[in-house]
Amino acid sequence: MATATLPLRLLPSKTLTLTTLPSARRSLSVSAVEPRRWRLRAAAEESPEAVEVEFVEAEEEPAVPEPVEAQLAAAGAGKDADIFAVVMVGWLPLIGSRQYIVMPGRYIYTQRLKGANVNDQIILNKVLLVSTREKAYIGMPVVTNAAVHAVVEEQGRDDKVIVFKFKKKKKYQRKLGHRQPNTRLRITGISGYEEYPADPILDPAAA
Amino acid sequence: MDYMEGGKLFRRSSNWKMNKGKIFKLAKGFRGRAKNCIRIARERVEKALQYSYRDRHNKKRDMRSLWIERINSGTRLHGVNYGKFMHGLMKENIQLNRKVLSELSMHEPYSFKALVDVSRTSFPGNRPVKKEGLAAIL
Numbered sequence: 043m044a045t046a047t048l049p050l051r052l053l054p055s056k057t058l059t060l061t062t063l064p065s066a067r068r069s070l071s072v073s074a075v076e077p078r079r080w081r082l083r084a085a086a087e088e089s090p091e092a093v094e095v096e097f098v099e100a101e102e103e104p105a106v107p108e109p110v111e112a113q114l115a116a117a118g119a120g121k122d123a124d125i126f127a128v129v130m131v132g133w134l135p136l137i138g139s140r141q142y143i144v145m146p147g148r149y150i151y152t153q154r155l156k157g158a159n160v161n162d163q164i165i166l167n168k169v170l171l172v173s174t175r176e177k178a179y180i181g182m183p184v185v186t187n188a189a190v191h192a193v194v195e196e197q198g199r200d201d202k203v204i205v206f207k208f209k210k211k212k213k214y215q216r217k218l219g220h221r222q223p224n225t226r227l228r229i230t231g232i233s234g235y236e237e238y239p240a241d242p243i244l245d246p247a248a249a
Numbered sequence: 004m005d006y007m008e009g010g011k012l013f014r015r016s017s018n019w020k021m022n023k024g025k026i027f028k029l030a031k032g033f034r035g036r037a038k039n040c041i042r043i044a045r046e047r048v049e050k051a052l053q054y055s056y057r058d059r060h061n062k063k064r065d066m067r068s069l070w071i072e073r074i075n076s077g078t079r080l081h082g083v084n085y086g087k088f089m090h091g092l093m094k095e096n097i098q099l100n101r102k103v104l105s106e107l108s109m110h111e112p113y114s115f116k117a118l119v120d121v122s123r124t125s126f127p128g129n130r131p132v133k134k135e136g137l138a139a140i141l
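Residue numbers (this note's numbering), protein chains in the order written: chain A, 43 to 249; chain B, 4 to 141.
Please note: incorrect hints may appear among the correct ones.
Which bits of chain B does chain A cover? Going by a derived footprint, with three or more residues having C-beta under 8 Å, they are [unchecked claim]:
1) 37 to 46
2) 66 to 72
3) 90 to 102
When the alpha-carbon atoms are kept at most 30 Å apart in a straight line, the in silico DSS-like pairs for lysine-lysine are as follows [claimed, not checked]:
4) B/K31 - A/K213
5) B/K87 - A/K211
6) A/K156 - B/K25
7) B/K62 - A/K177
8) B/K63 - A/K217
9) A/K202 - B/K87
10) A/K210 - B/K38
11) A/K217 - B/K87
12) B/K31 - A/K209
13) A/K212 - B/K50
14) B/K63 - B/K31
15) A/K212 - B/K31
16) A/K202 - B/K38
17) A/K210 - B/K87
18) B/K87 - A/K177
19) B/K38 - A/K207
20) A/K210 - B/K28
21) A/K212 - B/K94
22) A/K211 - B/K25
23) A/K212 - B/K87
24) A/K210 - B/K62
Calculated from the structure, these hints are not laboratory results. Note that this is a predicted model, so its numbers are computed, not measured. Note that CB positions come from ideal geometry on N, CA and C, so glycine has one too.
Throw the hints in and build the complete structure from the sequences for me.
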């Protein structure tokens, strides 16, 4: 497999489309204190205890919910590692570029990377933040020598948007379909951040 | 490019029958006769496409203000408000954008707290965190 370091300066895109969440990432903030209604209806003697315990927990920890990684490890998901990074992809003049939260094993959709074929290895150099279970490496602005390794999975296009311009009473309308090219990258690993000065993250047991 | 002079793409008499299927496909889920009757559906679909054009631009503004709201609420839990937090980050030359910061404040609270601490050391002047005060309110 060819190892290519792509230049980060890409051709400017026509439309500044938003990415909301990276594709594979679900909303992971499960609240630990969901009232379980089936329990309240079942045994009468159990219900007051269950409700009280849950309320007490909610009051004590409003500001610091369980971190995502701890919840996932408890749930038994083996796919996510204990690390994530924020990486900046691309560069548009005067505008900047998009930032993505990446975790190894997941994929992200970026603007089409010209000259990248399927199964190319890519190194993304602009890493703004790396965070593990114990430490957060906050880049100012970039974590030096950190790199995110990715593999190009697919070069496809976004869903079609219909661009329709209309001026009423002036007999002016234009209709145009548009599909923005994109690239799917599978993140394989994050490296090179160890020597950077880090801020310790509070241990959830101690907090 | 798929446009007609005079702007009669939808209403040209020769296209009256050809476009019906496309119009009804775009009119799925509309209310009342706007999904069944071509004359009404045509108007509603035109309006819907205009709204989607306008709102693709509005969505970017709305998302940014949503991110700012979320960052604000996340930092206020730690006793810092949004303006001072962002000022502290800019002073430290941290270039995380608001989308990422709002995601961190929701899903990665410990990393977010580290960021708030960095901002607070760089730009002091926020009230210190009073855990007793927050718990008393709740």
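These are the hints, each one checked on the structure:
1. 37 to 46: violated (count 0)
2. 66 to 72: It is violated: at least three residues are needed, and the stretch 66 to 72 of chain B offers just 1 whose Cβ sits closer than 8 Å to chain A.
3. 90 to 102: This one holds; 7 residues, not fewer than the three required, reach chain A with a Cβ under 8 Å.
4. B/K31 - A/K213: holds (26 Å)
5. B/K87 - A/K211: violated (49 Å)
6. A/K156 - B/K25: violated (34 Å)
7. B/K62 - A/K177: violated (35 Å)
8. B/K63 - A/K217: holds (22 Å)
9. A/K202 - B/K87: violated (41 Å)
10. A/K210 - B/K38: holds (22 Å)
11. A/K217 - B/K87: violated (45 Å)
12. B/K31 - A/K209: holds (24 Å)
13. A/K212 - B/K50: holds (15 Å)
14. B/K63 - B/K31: Holds, at roughly 26 Å.
15. A/K212 - B/K31: holds (28 Å)
16. A/K202 - B/K38: holds (22 Å)
17. A/K210 - B/K87: violated (46 Å)
18. B/K87 - A/K177: Given that 30 Å is the threshold and the Cα spacing comes to 24 Å, the pair holds.
19. B/K38 - A/K207: Cα-Cα ~22 Å, so holds.
20. A/K210 - B/K28: holds (23 Å)
21. A/K212 - B/K94: At roughly 51 Å apart (the allowed maximum being 30 Å), B/K94 and A/K212 break the hint.
22. A/K211 - B/K25: Satisfied, since the Cα-Cα distance of roughly 23 Å is no more than 30 Å.
23. A/K212 - B/K87: violated (49 Å)
24. A/K210 - B/K62: holds (23 Å)
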